[in-house]
Amino acid sequence: MVDSKSLLALCRHAPYGNSMAREGLEAVLACAAMDQTPEVLFINDGVFQLMEQNPVAIGEKNLRRNLQALPIFGVETLFVCENSLRTRGLKPEQLEIPGAEVKLVKDTGAFIAGFDQVLSF
Amino acid sequence: MKNLLIEGKEIPLDKEGFLRHLEDWSPQVAEALAAQENIALTEDHWDVIRLLQDFYREFELSPAMRPLVKYVGQHLGAEKGRSIFLMQLFPPSPAKIGSKIAGLPKPTNCL
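The listed protein sequences correspond, in order, to chains A and B.
Just so we're aligned: 101 in the working numbering is position 101 of the first sequence, and the numbers increase by one with no gaps anywhere.
To convert, count from 1 in the second sequence and add 121; that's the working numbering.
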């Protein structure tokens, strides 16, 4: 077994406008199930994935409810771009995911550069 | 896969034997689904079936093996939160077979 590379998944899109958010989550869950647990960074409109949502009216599954499963899949820290929050007028308290620790990232460029591989959703 | 016939009502299954309509699930349906897998349900099975359904209600997804082991460990104790315990109950693939009998969709990340 070779040393596994550090892996980051970027979640850049709001939850329901297209399927990127769901694809990203499923990739993260699949990696975690294969023992390649990535770190996850919510950036740009991706920060909206972490907010309370009720998509029953559009016949979608609740993505935030799915995200709450991340800790049990081994992803216990959720990184969030501080600047993306601020420019959208959001506060960190609005993002709570039970069982996960939300960490704000100031210098996202340096943060992303620290990973061997980056998946972008 | 053939559909189930439970108390005169036909229950549609997909080609892998998962329920097509999750609301069709009942304990009798679980017994019939288990019988197709040659599993006779014991109290231990029912504990895990109930947990799988809790998991689905909480997260709206079916668990893969590792999270299932962790979740069982959290709720039924470390003694049962082990893959060997689940393998004995729902061979050969506990997340998949357990989800099927509990009436959940196939785990999406079940590769």
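Hints are supplied without guarantee of correctness; some may be wrong.
Unchecked claim - A few chain A residues facing chain B, derived, Cβ under 8 Å: (1) Glu26; (2) Gln36; (3) Ala57; (4) Lys61; (5) Asn62; (6) Arg65; (7) Gln68; (8) Ala69; (9) Ile72; (10) Phe73.
By construction, these hints were calculated from the structure, which means they are not laboratory data.
In this text, all values refer to a predicted model and were calculated from it rather than measured experimentally.
All residues carry an ideal CB built from backbone N, CA and C; glycine is no exception.
Going through the hints against the structure:
With a least beta-carbon distance of about 6 Å to chain B, the hint placing Glu26 (chain A) at the interface is held under the 8 Å criterion. Checking Gln36 (chain A) against chain B by beta carbon gives a least distance of about 12 Å; that is not within 8 Å, so the hint is violated. At a threshold of 8 Å, the smallest CB-CB gap from Ala57 (chain A) to chain B is about 16 Å, leaving the interface hint violated. This hint holds: Lys61 (chain A) has a C-beta 5 Å from the nearest C-beta of chain B, less than the 8 Å allowed.
Given hint, Asn62 (chain A) at the interface with chain B, holds; its Cβ is 6 Å from that chain's nearest Cβ, closer than 8 Å. A distance limit of 8 Å between C-beta atoms decides the matter here; for Arg65 (chain A) the minimum to chain B is near 5 Å, and the interface restraint holds. Interface restraint check: Gln68 (chain A) against chain B, minimum CB-CB distance 6 Å, threshold 8 Å, status holds. Residue-level restraint check for Ala69 (chain A) holds (minimum Cβ-Cβ distance to chain B is 4 Å; threshold 8 Å).
A least Cβ separation of about 4 Å between Ile72 (chain A) and chain B falls short of the 8 Å threshold, and the interface hint therefore holds. Given the 8 Å rule on beta carbons, the hint for Phe73 (chain A) holds: about 5 Å separates it from the nearest Cβ of chain B.
The earlier numbered hints that this structure contradicts are 2, 3.
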